[in-house]
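First to last, the protein sequences are chains A and B. For the first sequence, the residue numbers in my numbering are 51 to 280. For the second sequence, the residue numbers in my numbering are 200 to 502.
Read the hints as simulated data drawn from the structure, not as lab findings. C-beta atoms are modelled at their ideal positions from N, C-alpha and C, and glycine is treated no differently. Accuracy of the hints is not assured; some may be wrong.
Unchecked claim - Here are some chain B residues pointing at chain A (derived, C-beta under 8 Å):
no. : residue
1   : Met200
2   : Leu204
3   : His207
4   : Gly210
5   : Thr223
6   : Gly225
7   : Met234
8   : Tyr253
9   : Arg259
10  : Gly266
11  : Val271
12  : Tyr430
13  : Gln431
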Amino acid sequence: MIAVKTFKMVLEGEGAVDGEFIDIAIPGFYLRRPLSICDQEDGRLTVIYKVVGEGTKVLSEMAVGTELEVLTGLGRGFDADACREEALLVGGGLGVPPLYLLAKELKARGKKVTAVLGFNKADEIILTQEFETVCDQVAVSTVDGSVGVKGFVTDAIAALKPDYDFFYTCGPMVMMKVVCTTLEGPGEASLEERMGCGAGFCYGCSIQTKSGPRRVCKDGPVFKKEELTW
Amino acid sequence: MVKDLSVHLCGLRLKNPVIPASGTFGFGLELADSMDLNVLGGISLKGTTREARYGNPTPRIAECEGGMINSVGLQNPGIDVLVNEKVPALRKVYGGCVIANISGFSLDEYRECCAKADACEGIDLIEVNISCPNVHNGGMAFGTSATSAAEVTAAVKAVCRKPVFIKLSPNVTDIVSIARACEDAGADGLTLVNTFLGMRIDIIRRKPVIANKMGGFSGQAIFPVALRMVYQVAHACRIPVMGCGGVASARDVIEMMMAGASAVQVGAENLRNPFACPEIASALPALMDELKINSLQEIIGTV
């Protein structure tokens with residue numbers, strides 16, 4: 051457990067490690083649980099998730115060494131090459147973890163990276179130290195003001211006024227909507243939706259975009275800002 | 200001993216009885232990179248209407264004990280894209296039985312779409328969905344009365360040369376009377392069952408989980424009810440039946456066939472495990488050996 055009700059899990063095994071998310075079969079539950087990838091290194095995948103229901107509760111109680119059946123290599127992720135020189139990452143709550151892997155990829159490409167991470171309160175904060183070791187600049191906001199800027203990520207961005215030519219965001223839908231409709235310049239958002247198959251053939255997670263229906267699991271979860279209708 | 204897994208459907212020979220059910224396998228193409236589709240006896244393509252449809256708002260999926268509810272609402276690119284793009288692309292990688300699944304909101308729409316599917320070279324069989332629980336004034340409305348089920352059947356049969364299967368809803372008082380009405384109206388076969396109308400409520404938000412409130416319940420939990428309906432209909436009708444509903448293993452396939460199914464569709468299980476159909480097909484020979492079955496065709500309706 052790394053924060054209130056929030057758990058970190060490291061998986062190792064065979065199979066593809068690329069992709070934006072994995073889909074985990076949890077014994078006793080009918081559908082898989084899709085979780086975004088926070089980090090990958092030496093064939094190991096790190097995911098961070100919050101216990102929000104019975105399935106994630108069972109997952110959180112599993113012993114180290116438990117064998118899981120997992121679909122990997124799912125989804126289309128952030129385009130690290132879309133940023134020219136300076137990237138702005140805007141994460142909220144459990145939307146923060148996938149931005150960590152992106153931050154590492156951006157730094158590997160020699161980009162300047164600013165991360166603005168928002169949480170409700172101090173005991174929900176995750177990964178800020180990890181971001182600080184990777185990013186050039188990190189700002190934190192909390193709704194209750196217990197850590198960093200009091201308010202939302204947009205308040206922290208307004209205070210920091212970071213330079214960027216491309217932004218990447220992941221978090222609650224309402225946060226991403228505000229970020230995408232108020233931040234200037236091009237960007238990408240990683241959406242969340244209840245999924246069936248997780249692999250693009252059941253059409254359970256489709257959203258309407260400016261270029262027609264798109265599957266969050268297969269065509270996304272990452273979409274260009276200008277594609278989204280909110 | 201070599202096992203014969205092949206089955207016959209209205210003059211078509213399927214290499215095995217395992218068919219992913221409509222709506223649980225896209226247009227086949229989505230999975231062509233992940234598996235060899237040719238291990239499947241047939242593929243029932245995603246339900247198609249005259250015009251392109253986005254379908255219902257999300258959330259469209261709700262998990263249940265032993266199954267799930269979906270309310271996709273017939274998202275599809277329209278019949279012209281199906282026959283001009285999807286089927287020709289699928290035919291490049293798949294040689295088995297291609298089943299077009301047609302839905303509609305009027306007799307005219309059913310007729311027009313079925314005629315186009317009939318004229319499409321890559322389609323072997325037409326499955327007419329009169330049982331979608333997720334659209335209003337269409338779909339299931341045609342499948343819950345014997346009179347309207349017969350009307351749709353007669354309308355599409357008049358424009359099709361290929362075998363026409365009518366896909367029935369389980370949300371009826373007497374499925375046998377509807378099955379017989381379809382048979383009398385000229386149906387070449389029947390697929391049953393579609394999903395059961397169901398619902399879940401999020402007790403924290405105090406709202407239905409599904410945006411459209413209700414949806415179609417499917418998965419292992421419905422298997423005994425689906426099996427019972429296949430048994431009743433197969434014994435009451437002379438035309439072949441494709442059994443569908445909660446099938447998740449080779450054992451379930453054998454059970455459906457003994458109940459009277461000439462082929463077996465696998466639905467929700469594909470969403471839990473995209474490799475369910477190939478795994479079930481490959482598990483059949485060993486199970487046949489165990490049960491001393493040499494040919495699957497021989498066990499159809501033997502119970």
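Run the structure past the numbered hints and jot down the numbers of the failing ones, going up.
1, 2, 3, 4, 7, 12, 13
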